[in-house]
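Top line first, the protein sequences correspond to chains A and B.
Take 3 as the starting number for the first sequence in the numbering used here and just add one per residue.
Take 82 as the starting number for the second sequence in the numbering used here and just add one per residue.
Worth double-checking, as some hints may not be accurate.
[As the list claims (entries may be wrong)] According to the in silico footprint, chain A covers these stretches of chain B (three or more CB under 8 Å from chain A):
{"#": "1", "region": "167-178"}
{"#": "2", "region": "303-314"}
{"#": "3", "region": "345-358"}
[To be verified] Computed list of lysine-lysine pairs in DSBU-like fashion (alpha-carbon distance at most 35 Å, straight line):
{"#": "4", "chain 1": "B", "residue 1": "Lys176", "chain 2": "B", "residue 2": "Lys261"}
{"#": "5", "chain 1": "A", "residue 1": "Lys48", "chain 2": "B", "residue 2": "Lys330"}
{"#": "6", "chain 1": "B", "residue 1": "Lys88", "chain 2": "A", "residue 2": "Lys11"}
{"#": "7", "chain 1": "A", "residue 1": "Lys60", "chain 2": "A", "residue 2": "Lys48"}
{"#": "8", "chain 1": "B", "residue 1": "Lys261", "chain 2": "A", "residue 2": "Lys11"}
{"#": "9", "chain 1": "B", "residue 1": "Lys330", "chain 2": "A", "residue 2": "Lys73"}
Simulated from the structure, these hints should not be mistaken for lab results.
By construction, the Cβ of each residue, glycine as well, lies at the ideal position given by its N, Cα and C atoms.
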Amino acid sequence: MRRKGDLVKDVVTYVLIAIFLVLFLFPIYWTFITSIKIPADTFTSKFLPFIQFQPTVKTWISQLQAAENFKAILNSLLIGLSSAALATFLGSMAGYALARFQFRRFFKNADIISWFLSLRIMPPIALALPFYALILFFGLIDTHPAVILIHTAFFLPYAVLVSRDAFKAVPVEIEESALVDGCSRLQVFFRVALPLIAPALAAIYIIIFAFSWNEFLFAFVLTNRVATTMPVYIAGTVTTVGVLFDILSVRGILAIIPPIVLGLLVQRYIISGLTMGAVKG
Amino acid sequence: MGQDRIKFFFILPAVIYILALVIFPLATALYTSLTDARFGGTLANFVGIRNYMMPFGDYRFYNSVYVTLLFVVLAVPIELALGLLLALLVSRNIKGQGIIRSLLIIPLFVSPIAFALMGQVIFYEGGGGINGILKDLGLPTLRWRSDPTTAIFTVVLADVWMWTPFAFLITLAGLNALPKDIVEAARIDGASDAQMFRHVTLPLLTPTLLTILFFRIIDTLRLFEIPFTLLGGGGPGITTETLTVYIYKIGFRGFFFGQAAAVSFIYLAMVSAILSVLLYRVRKYYV
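Pulled out of the complex, with its shape left as it was, chain A reads as follows:
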């Protein structure tokens, strides 16, 4: 049933949405077109490639061949893939325990859950120094294991909380009948329970990878040359290349593409991920 004035409202809606889209995509668009400008054009406000300025892929080609970019990307990949694997594995085990068993002595399930939740709310800066001292003590400063260990620790509570929700959402009957058939708890966990929440597990893995890829403070404090991740590397770019905006822009785009692609891929899980399960998507 259409009412009078609906057309006007529709037009206003579309116009407002269009304005917001332009505003929210502007920084990324601007960075992208800057990456395909010749250096002299980067100081102009030309924004239409081919019409206002002649685009070039020169900077892209030279930057993609630069060993330092590769090193940062490889470091970030290695650290992200490893810490996501560790956190997802340890987290799903704990999540399973919290979803399927009752803890009674000392701590109840609710206590353990709020403990993990409070860790998730902990401000990173309060942990930067303790982490640094720990890694210094083990002589691991500026190594990959250092960042992997710390990222796993920091994102583990997230994996616990979200996997617990996922286990809660699948029926226990299948697991029970497997137990009756003589499977051990471990077999049930690996062969029945984990496959049942496979999509959620994949999402947890991907989201933690993106978290790790984007994490700055810990990586910055724990590394300086060898194990620097993408965020640490691009933060340094500002001082090393100055106002070579074409180079800055290429590196900026390189840094944001993986998390954007992955994030959009697991959109369905983003909401409960961002709010630690407080809001269901």
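Fit chain B to the supplied structure of chain A, relying on the hints for placement.
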């Protein structure tokens, strides 16, 4: 039966991991905060609560508390309001809803540090970026990163850009989950759009909005990357020096580990206090 013991096998690895890598270092830091430990320094001496008194005699501590709270007060309401407006627009029966939603949440996945890098280009005060566009339009240009007052709004702008999509996404989920029968009933009773919003949508959406408020306050209290990189360590001067930047500088520029640990715990106590007040206020909507 022995079945029940296996629950410890499942939960202990994660618990022990956190105890060893988070809780133990935190406890050590608590001890460090009572010493005059410095990086590379010789033995640290026990100095009692001296480090905890230090910030209260430092004007930069008060400044950083003020700056941090200022960003919360300036940025969070804008993010909530814009997010709500966007969600209301997109939840109307429009074409391409899925694509619009996907495009609008893209900034969510951009790390603050990457935005700080892109900001070098966008907020450049010579030609190009926003100033170039302003000049083309015949408008006055702004000193985004070098003028103290403008710099505060640059940080707010960056935060709004990065986090309005969060408010939008969660509000949209909340709108989609509104009980259909109540909305229908109000429509049939002839409620106008404004009445619907004021008396139906807004009250039903309150828990969702409070959840967003909670998470946005947590995150804004730890604002670090934008002031730290885009504004060159909380500059100009200390106009955008948030508490996290202040703590970072004591710990990793001055290497006063004892002091930095002490200020970290003061900060932790402040955050906890703010959060427990919030949680207390929010709770009644969930019970």
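Open item on the list: Just to make sure I understand the rule, a stretch counts as covered if three or more of its residues have a C-beta closer than 8 Å to a C-beta of the chain. Does the region 303-314 of chain B meet that for chain A?
Closed with: Holds: 4 residues of the region 303-314 of chain B have a Cβ under 8 Å from chain A.
Task: Lys330 (chain B) paired with Lys73 (chain A) [C-alpha distance capped at 35 Å] - done: holds (28 Å)
Task: Restraint check for Lys48 (chain A) with Lys330 (chain B), where alpha carbons must lie at most 35 Å apart - done: At roughly 39 Å apart (the allowed maximum being 35 Å), Lys330 (chain B) and Lys48 (chain A) break the hint.
Open item on the list: Between the region 345-358 of chain B and chain A, are there enough contacts, at least three residues with CB-CB distance under 8 Å, for the coverage claim to hold?
Closed with: holds (count 6)
TODO: Tell me if chain A covers the region 167-178 of chain B under the three-residue, 8 Å CB rule, please?
DONE: Three-residue rule met by the region 167-178 of chain B, so holds; n is 5.
- [ ] Quickly compare the C-alpha distance for Lys60 (chain A) and Lys48 (chain A) to 35 Å and report which way the hint goes.
- [x] The hint holds at about 18 Å.
TODO: Please work out if Lys261 (chain B) and Lys11 (chain A) have their alpha carbons no farther apart than 35 Å.
DONE: Since the Cα atoms of Lys261 (chain B) and Lys11 (chain A) sit roughly 22 Å apart, the hinted pair holds (cutoff 35 Å).
TODO: Starting from Lys176 (chain B), check that the Cα of Lys261 (chain B) is at most 35 Å away, please.
DONE: Since the Cα atoms of Lys176 (chain B) and Lys261 (chain B) sit roughly 21 Å apart, the hinted pair holds (cutoff 35 Å).
Open item on the list: What's the verdict on Lys88 (chain B) and Lys11 (chain A), does the C-alpha distance respect the 35 Å limit or exceed it?
Closed with: Roughly 57 Å between the alpha carbons, so the hint for Lys88 (chain B) and Lys11 (chain A) is violated.
Checked against the numbered hints given earlier, this structure breaks hints 5 and 6; the rest are met.
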